[in-house]
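Student: Take a look at the letters that make up each chain.
Number of protein chains: 4
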Amino acid sequence: MKSPVKVAIVGASGYSGEELVRLLLQHPHAELTTVTSRQQAGQPLAKVFPKFASHQRAQSLRFADPNVDSIAQQAEVVFLALPHGVAAEFAVPLLQHGCRVIDLSADFRLRNAATYQEFYAHEHPAPELLTKAVYGLPEYYREEIKSAKLIASPGCYPTSILLPILPLLREGIIKPNGIIADSLSGVSGAGRKADVDYLFAECNESARAYGFPKHRHLSEIEQELSKVAGTTVTIQFTPHLIPVNRGILTTLYLAPAKHFNNAVEMKALGEQITACYKTAYAHEPFVRLLDDQSLPDTKNVTGTNCIEIAWRLDARTGRLIVLSAEDNIVKGASGQAVQSFNILCGFPETSGLI
Amino acid sequence: MKSPVKVAIVGASGYSGEELVRLLLQHPHAELTTVTSRQQAGQPLAKVFPKFASHQRAQSLRFADPNVDSIAQQAEVVFLALPHGVAAEFAVPLLQHGCRVIDLSADFRLRNAATYQEFYAHEHPAPELLTKAVYGLPEYYREEIKSAKLIASPGCYPTSILLPILPLLREGIIKPNGIIADSLSGVSGAGRKADVDYLFAECNESARAYGFPKHRHLSEIEQELSKVAGTTVTIQFTPHLIPVNRGILTTLYLAPAKHFNNAVEMKALGEQITACYKTAYAHEPFVRLLDDQSLPDTKNVTGTNCIEIAWRLDARTGRLIVLSAEDNIVKGASGQAVQSFNILCGFPETSGLI
Amino acid sequence: MKSPVKVAIVGASGYSGEELVRLLLQHPHAELTTVTSRQQAGQPLAKVFPKFASHQRAQSLRFADPNVDSIAQQAEVVFLALPHGVAAEFAVPLLQHGCRVIDLSADFRLRNAATYQEFYAHEHPAPELLTKAVYGLPEYYREEIKSAKLIASPGCYPTSILLPILPLLREGIIKPNGIIADSLSGVSGAGRKADVDYLFAECNESARAYGFPKHRHLSEIEQELSKVAGTTVTIQFTPHLIPVNRGILTTLYLAPAKHFNNAVEMKALGEQITACYKTAYAHEPFVRLLDDQSLPDTKNVTGTNCIEIAWRLDARTGRLIVLSAEDNIVKGASGQAVQSFNILCGFPETSGLI
Amino acid sequence: MKSPVKVAIVGASGYSGEELVRLLLQHPHAELTTVTSRQQAGQPLAKVFPKFASHQRAQSLRFADPNVDSIAQQAEVVFLALPHGVAAEFAVPLLQHGCRVIDLSADFRLRNAATYQEFYAHEHPAPELLTKAVYGLPEYYREEIKSAKLIASPGCYPTSILLPILPLLREGIIKPNGIIADSLSGVSGAGRKADVDYLFAECNESARAYGFPKHRHLSEIEQELSKVAGTTVTIQFTPHLIPVNRGILTTLYLAPAKHFNNAVEMKALGEQITACYKTAYAHEPFVRLLDDQSLPDTKNVTGTNCIEIAWRLDARTGRLIVLSAEDNIVKGASGQAVQSFNILCGFPETSGLI
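Sequences listed follow chains B, L, P and Y, in order.
Each residue of the first sequence is one higher than the last, beginning at 1 in this note's numbering.
Each residue of the second sequence is one higher than the last, beginning at 355 in this note's numbering.
Each residue of the third sequence is one higher than the last, beginning at 709 in this note's numbering.
Each residue of the fourth sequence is one higher than the last, beginning at 1063 in this note's numbering.
Derived from the structure by calculation, the hints contain no laboratory data.
For each residue, glycine too, the CB sits at the ideal point set by N, CA and C.
Some hints here could point you the wrong way.
Pair ranges (Cβ atoms, derived) [stated by the list, open to error]:
| no. | chain 1 | residue 1 | chain 2 | residue 2 | range |
| --- | --- | --- | --- | --- | --- |
| 1 | B | A114 | L | K547 | 47 to 53 Å |
| 2 | Y | S1122 | B | R142 | 24 to 30 Å |
| 3 | P | T987 | L | P382 | 48 to 54 Å |
| 4 | L | A669 | B | Y210 | 43 to 49 Å |
| 5 | L | S648 | Y | E1093 | 47 to 53 Å |
| 6 | Y | K1276 | P | A821 | 53 to 59 Å |
| 7 | Y | S1288 | P | Y918 | 48 to 54 Å |
Extracted from the complex, chain B is given alone in its bound form (with noise of 0.2 Å):
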């Protein structure tokens, strides 16, 4: 597309949203023309986050109550930062508009309509467009994403897992099944709603888990998986609440397909691995591969779009133990988002991002 794109931005008010809205007001070929909120509109959106009051383009920024014709009329590209549910909604009738949409809910992310009801609860409320979705993780469907016009950014959690497994797996290097997934994740992830849980005093000084065994992020955590492995994968995952505003921290125990029985065969797997890593991801500008001097943290990524991953095998268990860090709200949403809006209009990947 031609630059500046105009883009719309559906449901502001949220973190995802109040992020797309920092990435979109800096990004070199985007114009923010539209962003709506039910619940703000009306406000000036300097007003609403008074840190965007210093870029000129935000100063004349309105919340608007969310309107299919008027976004429609506004922008090229609409990003959804809404709830399951009400993303689909909009979607519909924005693709109807002729829209490219990109939807950070979950609404498009499932392949199957009876899996979406399964783990949401609740029928899909538009299971013809699940089969056009694109599942927006650049590293892996970044020339579907170039022609899409319907595209499901990934959650949070199962970006921070499935970078790091999908080469594994698609080298054989680890057995498909007995994955676990350990996550600690950031209280944002809660989103910004009034919840007696996510009270700074609830959240200070605490750490637990929560939404287990059966998390709603396993069906597209699974579904890439399998895709990838041939074979149905059902992992194990954990996520927990820590304090602090943002980020993911997700340990990953692995099997490896052969197991090693001395410190030889240890290195050869080990270089193996090394050279996964590399092919999949050295040239990613989002994927930073540590050395095995160094370990993911959380602080590393905050604020940008790129994901930590290292890697150390165990030789007492035999285990290869994979770790990732990255921005739950950045590359776990909406800097994601924006990586594949510059895909899907033909810009450098990077834009706006680094």
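On the provided structure of chain B, position chains L, P and Y as indicated by the hints.
Tutor: Showing chains L, P and Y alone in chain B's frame:
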């Protein structure tokens, strides 16, 4: 009263109520018979607050809907941990039933119904009780508390401001005008209520002032200062919210009544201040006077009923700066209420508190 | 022993030492006579830790240089809160002087000097004591503790891992192999030492793994698991650092010994697990078994000697997931040491702890 | 100067240095050629700070031992992020080599060597440069910065205090005496140095004052206020440490030059203040004037070079209260230094900063 005294907590699901539960469960002379909460009615206490499950007494307690008759039947002393306005609705009938009432709300802290209306924006619900209530600041109203029927436990900010200032004002060491109180409070001070402003991700990595220049607590602070000064005292008060669960740190800017002009006079004034504080507080179990090498730190008082006080004279400006640190929920609320309870019942004042 | 028992704390200026001071000052059957610290020698206790200034007993205490003779003269029971390696230097002569020693370091937790050398990288300083020391996990070594001369109090991570696993392993409910322990720890676990890695601005807004795959605590964890399992147990253990002062949350991934194939078998296994935990812990004052609607949260145990345990069976993966939460400095260190002290001296086990 | 300008950062491993790296790596007109650090000499930049690894330019950078000759060869403009005293040792020879120097330390902020000695407790190492250095507060010294050889970038507290006060003082709206500045700072302000006082577990859940009543920053604050007031100004300043990584919130207590006696006069004064701030800052890209419904919050400025300013008149006390929020490491240090760099080199002032 005869130990153990049967006590009830009305509104036991907020932060002050929860802390009252903790203190009264471990109190050697109290028997907690009733905890009420509209929201949690019917729930076992140990279910709502798992941390109390290990206290044997807690295991049989269940939240009840607040009912005056049944509270009065089961408790001799009733603690009200309710919003202002609501507290009076319970205090009036409970007093008629013969209960002693310790109210943690603002409803009975003022002696003047018009001032209440000015600061709390509604007519006082029971003005006839205002002259009968005792302001529950033990260091100043110990005698009155002994025979009180209704104790109005002070606010968190007022406690942190009054205890450091009152002795100086009483002895005429500082001028009654021009006082500035700058306070930092933990987020628990905002209460356990669903409000986006107090979400973890809104308060963490944030510092902000709020509720000034006319915060409600000014009314009781100025009432007590004026009483001791013998003249109308108007102060400047700026509360700030900082990302800690608990604690208030107050910095007071005061003008010595007699200006010092040199090191000798400054030293003499310092000795006078030291003597003044020693006279006032050396025997107070919960007031900790720091020496000239230490400064108050909220982490030293968290979870305790103590307040730390330190002061410095500034040779450059001629001002006296006094700092205090307390736990807003303990000395600033529930601990102080239990201290009053001990006095009221004739128990050692530190029972259940050290 | 006869109450009050005279006690000393060697190394009282670190986090565990400070917490021992707190617990022993308020202990009804202990008289804290000596606190030592090379760094703080000569300083009044109340000066170094202002928060203890309000305890009457604390006012006469002063940090001493650690001297075995004078410690032995003034204390019947000595708590060592020293780094590993250093602790043994004090334990040996103190035992010779007839003191009972409760060591919070790792020096006497292992029964095998070679394992010590493997994990702690130096020769064991007093291997002859290894067989005489009792591992101070009261829930499993209560009888041995009663007559112990030297108690090796368990590490923080081991406590959080052993208490949930041991009953399951003992009853053969889980397989001894394939165990994964994923733990999150507060920063106090790193000790009160000047190190850039643990500065506030390095830890806040950060989550990271460290010290794996071969953390030192593995040695004592595997020793105790192996003993109960009757076979050599090797586990996977990944500790993480999260920005809380206190608390360890551990997530355990376990394989039931007998696979369940349907809801009926799953329910039966669940009942077996419930029964197993009840048998093991229903009468333990510091182990809190949560129901199937609650999950452990570090904030529920902070400042207490309790550990929370909950479990879930995953119908999708066949795994048993068990979670625990404890205060790393209390049940994970000083509180557990005091619990052993109570047992050793014949006092009620909860003295000074609830 | 001609873009890109070659720049060096001396002392790049502290918090200010690291932030300079971030800002200069993404700067469109700067080419970062040299980063020095005694501690990290020889290490690749991307190894010490993994978060920069994704910047292409960063990949070839390696920390060097600071050597004046080689720095001067490789850079036209040199940023010094060194402790006071040390900075002057580099500034002098670098200036002789013809470099422009932007010093973030306190070494050249004062015009008077005696004042330096009074506040910094050692003789000034290069007093002859004091009159040549320009105080790098762009909003007030823009013209002088353009031709400066040596820019003394202001301290973090001074920036947060001077920007709100200077316009009021210049226009005579407030009295020059009696000013009180009460500031809250994040822990990064203490620098990246191993010190027990700044450990996570010492700062988290803590609030405390420090370094008053005679903090070093008073010297430059009073120098600048006095200059604008045309009379010697002595202020009260109390810094506090709060548990955030970044940010300074300052509350200023000011006395209007002309007392207002009623609502009409108060309104008139308010309009005068509004006009004064608009005149001073409406066109400043980094000063954000808030309206009467908003208050500064550090979270709105974190990571940006903006300062938020708001004010309130207090009808009860007659005082003017002004609040400001800034990121102590950006507008309070490295961002402001880059702003000066932009002015010095003739680039748009917001280059690399918005």
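Student: Compare the structure with each hint and give your call.
Tutor: Status of each hint after checking the structure:
no., hint, in the structure
1, B:A114 to L:K547: 47 to 53 Å, "violated, 40 Å"
2, Y:S1122 to B:R142: 24 to 30 Å, "holds, 28 Å"
3, P:T987 to L:P382: 48 to 54 Å, "violated, 33 Å"
4, L:A669 to B:Y210: 43 to 49 Å, "violated, 56 Å"
5, L:S648 to Y:E1093: 47 to 53 Å, "holds, 50 Å"
6, Y:K1276 to P:A821: 53 to 59 Å, "holds, 57 Å"
7, Y:S1288 to P:Y918: 48 to 54 Å, "holds, 51 Å"
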